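A.B. asks: Given next are the chains, with one letter for each unit.
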Amino acid sequence: MKILVCITHVPDTTSRIAFTDGDTKFDKNGVQYIIGPYDDYAIARAVELKEANGASVTVLNVGGVETEPTIRKALAIGADDAIRVNAEPTDALFVARQIAHTAKDGGYDMILMGRESIDYNGGQVHAMVGELLGMPSVSPVMKLDIEGNNAKMTREIEGGKEFLEVEMPFVAGCQEPIAEWKIPNMRGIMTARTKPLNVVEPVASDGSVAYVKYQQPAPKAGVKMAQTVDQLVDMLKNEAKVL
Amino acid sequence: MAILVVVESLDGKLKKASREAVSYAAQMGGEVIALSLGDTDQEELATLGANGAGKVLTVAGNFASSSDAAEAVSEVMKSVGANVLVMAQSAKADMIGGRVAIKQDAAMVSNVVSLPDTSNGFSVKASIFSSKAFAQVEVRKDKKILVVGKNVLEIKEDCGTASVESASVNVSSDNKIKVTGQEKATGDVLLPEANIVVSGGRGLKGPENWGMVEDLAKVLGAATGCSKPVSDMDWRPHSEHVGQTGIKVAPTLYIAIGISGAIQHLAGVNSSKYIVVINKDEEAPFFKAADFGIVGDAFEVVPKLTEAIKALK
Ligand SMILES: Cc1cc2nc3c(=O)[nH]c(=O)nc-3n(C[C@H](O)[C@H](O)[C@H](O)COP(=O)(O)OP(=O)(O)OC[C@H]3O[C@@H](n4cnc5c(N)ncnc54)[C@H](O)[C@@H]3O)c2cc1C
Ligand SMILES: Nc1ncnc2c1ncn2[C@@H]1O[C@H](COP(=O)(O)O)[C@@H](O)[C@H]1O
Numbered sequence: 001m002k003i004l005v006c007i008t009h010v011p012d013t014t015s016r017i018a019f020t021d022g023d024t025k026f027d028k029n030g031v032q033y034i035i036g037p038y039d040d041y042a043i044a045r046a047v048e049l050k051e052a053n054g055a056s057v058t059v060l061n062v063g064g065v066e067t068e069p070t071i072r073k074a075l076a077i078g079a080d081d082a083i084r085v086n087a088e089p090t091d092a093l094f095v096a097r098q099i100a101h102t103a104k105d106g107g108y109d110m111i112l113m114g115r116e117s118i119d120y121n122g123g124q125v126h127a128m129v130g131e132l133l134g135m136p137s138v139s140p141v142m143k144l145d146i147e148g149n150n151a152k153m154t155r156e157i158e159g160g161k162e163f164l165e166v167e168m169p170f171v172a173g174c175q176e177p178i179a180e181w182k183i184p185n186m187r188g189i190m191t192a193r194t195k196p197l198n199v200v201e202p203v204a205s206d207g208s209v210a211y212v213k214y215q216q217p218a219p220k221a222g223v224k225m226a227q228t229v230d231q232l233v234d235m236l237k238n239e240a241k242v243l
Numbered sequence: 001m002a003i004l005v006v007v008e009s010l011d012g013k014l015k016k017a018s019r020e021a022v023s024y025a026a027q028m029g030g031e032v033i034a035l036s037l038g039d040t041d042q043e044e045l046a047t048l049g050a051n052g053a054g055k056v057l058t059v060a061g062n063f064a065s066s067s068d069a070a071e072a073v074s075e076v077m078k079s080v081g082a083n084v085l086v087m088a089q090s091a092k093a094d095m096i097g098g099r100v101a102i103k104q105d106a107a108m109v110s111n112v113v114s115l116p117d118t119s120n121g122f123s124v125k126a127s128i129f130s131s132k133a134f135a136q137v138e139v140r141k142d143k144k145i146l147v148v149g150k151n152v153l154e155i156k157e158d159c160g161t162a163s164v165e166s167a168s169v170n171v172s173s174d175n176k177i178k179v180t181g182q183e184k185a186t187g188d189v190l191l192p193e194a195n196i197v198v199s200g201g202r203g204l205k206g207p208e209n210w211g212m213v214e215d216l217a218k219v220l221g222a223a224t225g226c227s228k229p230v231s232d233m234d235w236r237p238h239s240e241h242v243g244q245t246g247i248k249v250a251p252t253l254y255i256a257i258g259i260s261g262a263i264q265h266l267a268g269v270n271s272s273k274y275i276v277v278i279n280k281d282e283e284a285p286f287f288k289a290a291d292f293g294i295v296g297d298a299f300e301v302v303p304k305l306t307e308a309i310k311a312l313k
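As you go down the protein sequences, you meet chains A and B in turn.
My numbering applies: residue 1 is where the first sequence begins, and numbers increase by one.
My numbering applies: residue 1 is where the second sequence begins, and numbers increase by one.
Bound-form chain B, shown alone (with noise of 0.2 Å):
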């Protein structure tokens, strides 16, 4: 049985989540072929081997158009004789998955947590209710999409060598949507993608207090987040905004600066290993999903933690 893994990349190097969905596919057993829409470089893409590729497919075009990304997923799915596609969270993936399961007659399970479980069935355990719980899903159709959640497993780095090759396949765009034009989010280090993140809430006054945590952020080498109502007031983009309704992070380290705590943000951050929580209320709610907290005004508390990391490095 081949498992199919859709790989994704960013400014030319393959996401960490991509790896991610790989070494989770190595793990499922059997044969796992990539496949790499558009261009990556071919070097790039042979270092999947290590997480437990056997051979990655490359398919060369513009797949702007979520309907032409699927049709050439799907089309590989059938050449392959894949009967599992395996895709890391992202912008694009749900996009693909829910095209692939109407074309494939398959079934579709995203946020999932776990490997499978084939004690008896098919079944994975996914994320739900904005991670406030999960749920053992049964998988009941032949062909199957999991779309999986970051930090599920750790990244195999020494399983061999790929080989790339580009498929042919033929994929008739219907030119529906053109791209026009993009932007790049502001700061070196990309919310969504980051290991450790640091976030601002309407403690920290006003916009022009931004700068300590950029700094903090800096020698952390960590992106910066907000809470709701710090980008509804356009202190911060509303790329960085986190929560249930703004982006879901799941990094090794959280820091909550001036956030209280809602539910509603606690919801986006709740997959993360670590919570720091700096909050000059004791009774702030975000101290009891913390791990580790100070109680302190952010104004003193955060110039003084950038000091104390810096001198250790």
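Next up, chain A with everything else stripped away, as it sits in the complex (with noise of 0.2 Å):
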């Protein structure tokens, strides 16, 4: 079995979130970067897998040199190579383009990817992927499991949960509880330096949206202490006027 995982480069979630150059420009000045949460579990799951049935494990980023210590991460996780598509992404379908020409020919039965990246947090890049190559998609995945040539998801809707059975080759967009989040072990780490990291270059793709300026929420005007359980019901009553 051969399974691509898809994952981003991204800063860690308590990160301060600032712009540079009148705003115009993510300020990348002290953030530290890690593996989105959510390829966290496609990885974790994909290992699982591999573990438990024998795969062989790719995973892939589009982005710059600077990510590559991300994948060296999820080399140490315990994925076997890895690929890097030279070029900063600029939107979901640029990204989506080049995940699926680089996936067209790798044979690979499934493609997991996280529910959504958290910088831009689209949750598109699945489906945009799961058109260009013909596979279904399915996201958010709570559980998978192969059997035979399918699998059996369950899959987060409004109000519950859907058990799904899917053809392989699939795209799955996976979330909690799918897995437990790896941490590398000292083993991973050593042996992840000398696995191969292909680097390649992107195909053309034109741009479909442009961020052109960014913003911070406005500061929340300041917390109006209760002293008594009373005071609390009033404020809601009277000011929130949500009661």
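There's no promise every hint is true.
What follows is a set of in silico ranges between Cβ atoms, one per label pair, in the way DEER data are often shown [unchecked claim]:
id, chain 1, residue 1, chain 2, residue 2, range
1, B, 174, A, 239, 51 to 59 Å
2, A, 239, B, 157, 20 to 28 Å
3, A, 187, B, 41, 55 to 63 Å
A partial selection of chain B residues facing chain A, derived with a Cβ cut-off under 8 Å [to be verified]:
id, residue
4, 10
5, 97
6, 98
7, 139
8, 141
9, 179
10, 185
11, 192
12, 238
13, 263
14, 270
15, 290
16, 305
Think of the hints as simulated: they come from the structure by calculation, not from any bench.
Because the structure is a prediction, the values reported are computed rather than measured.
By construction, the Cβ of each residue, glycine as well, lies at the ideal position given by its N, Cα and C atoms.
Now that you have both chains on their own, put them together as the hints suggest.
C.D. replies: Rendered as structure tokens:
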């Protein structure tokens, strides 16, 4: 079985989000980068499937050279090799085209992704890749098991869960509790250094959207503290008018 | 120019977010056509007229597979000549939108929080970095797909009437996805749809103490939520986990009990209109993100609050 896991390289979830150049660029200063938390679930499940059934796990990132430490971390968690498409992503369509182009002749049985990237939060790439490759795409997937040529999945829907049988190959966007996040061990970190990381050049894609200006949310006016429960009820009733 | 809005229903009722999406389209100007995939009551669909739809189209069938749904949407877009597709954020919207974007060579923007600005091209404001920032996004294709966030604007209630017609589209399903079952989440009010959310964190000590959270939720007609460790420890189901890596909610009122206010939790709640924090630690970071707060032991404050609200009603 061949599994492709697509990962993002994103600011740590505790990062302060700020902008520079007259609010036209994200300020990378002092920001620590991580594997996207949802992508981390995808890698963890891929490694579990490999351990249980035998599989090769390839990780793929579309990004500049600065994403390589993040890719190496995925290798340390247990992926076998990696591909970096050497380009700064401009929009979801661009990323989807790169992933589809790279995966097209790869013979992958499944392409695992995160439910969404935590920087631009599009939740778009899986569907686009599915459409480009003529594969079914399912997201957000909470459980994924393989049975023959099918995958059994649990998908979160509004108001509950849905149980699915999906034909391979497919694209899935992962979220908890599909697997537990894995922390690389010493051996993983050592072997990751020598695992293949192939760099390929991007295919052309026209820009569909452009992020022209950024803005931070307006700060809260400040909290009003109630001394008693009755005061709190009064605030909710007369100020917020929610009771 | 026609704008197509895909609407969704839940237990036979149109989702509030879908009515918002129809109102959003109506405020963009132009002819608004709503599209319902699968079975929804005709009378219920006709009420979309009040929200701004001129016409409602239905396509019967089973749209479990997002590729089938996307094909139907794409065909209808073509047949009505719509250049803009509007959807409310949902578990389905992104899956449909991403595929339609490829089929129609359309540009797609998710988490839209403003009406388009057409003074210079076409751009919308979108929430990014898990609601920690916004971006003005220029849309550079003729065909556009906008996935609109919750509570972005007021729902219009008095626009007019809509006719309901069935659309004739042929969708050739590839049958690659089969739905084998469904399970409903517990609780009376659904978290992503709720107008009020009462959430509990690790400060509640254990699952056996959730009775008081549920009691408060009940008097408020609220849904219950929780922090990530609470669902990780299986005190509560995963479907209640709120935050950056869980459900992002945007209710009118969010009540956080015994939750410290970690940045990842805040990312899932900071679009709420009002936030109330109940915490015994006056230094808890959540107070900085709150509108109203009370320092106290949840085990005393919450039952008192429930009683006081009950007395009021
Ligand atoms: C990548 C990543 C993603 C994450 N995503 C999420 C997410 O989506 N959602 C999320 O919630 N977390 C998320 N987290 C976890 C987050 O960082 C915090 O650990 C978590 O939110 C803390 O949960 P808590 O507030 O319930 O617990 P704690 O931080 O332990 O806080 C408990 C609070 O209860 C108060 N308390 C204790 N006893 C009482 C009492 N008797 N009465 C009143 N108050 C009391 C305490 O003062 C304290 O403030 C994520 C973490 C990482 C690393
Ligand atoms: N630059 C990228 N490189 C590789 N995979 C990506 C990239 N951007 C997004 N993805 C994948 O697509 C998923 C959804 O991303 P998005 O549509 O941006 O929310 C992510 O969780 C990743 O698995």
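A.B. asks: Hints first: check each against the structure and report whether it holds.
C.D. replies: How the hints compare with the structure:
1. 174/B to 239/A: 51 to 59 Å: holds, 55 Å
2. 239/A to 157/B: 20 to 28 Å: holds, 26 Å
3. 187/A to 41/B: 55 to 63 Å: Holds: the Cβ-Cβ distance is about 60 Å, inside 55 to 63 Å.
4. 10: holds, 6 Å
5. 97: holds, 7 Å
6. 98: OK, holds: residue 98/B within 8 Å of chain A, min 3 Å.
7. 139: holds, 6 Å
8. 141: holds, 5 Å
9. 179: With Cβ-Cβ at 6 Å, under 8 Å, it holds.
10. 185: holds, 5 Å
11. 192: Hint holds; residue 192/B Cβ to chain A Cβ min 5 Å, cut 8 Å.
12. 238: Given a least distance of 6 Å, the restraint on residue 238/B holds.
13. 263: OK, holds: residue 263/B within 8 Å of chain A, min 5 Å.
14. 270: holds, 7 Å
15. 290: Hint on residue 290/B: holds, closest Cβ of chain A at ~4 Å, below 8 Å.
16. 305: holds, 5 Å
In terms of the numbered hints stated before, the structure departs from none.
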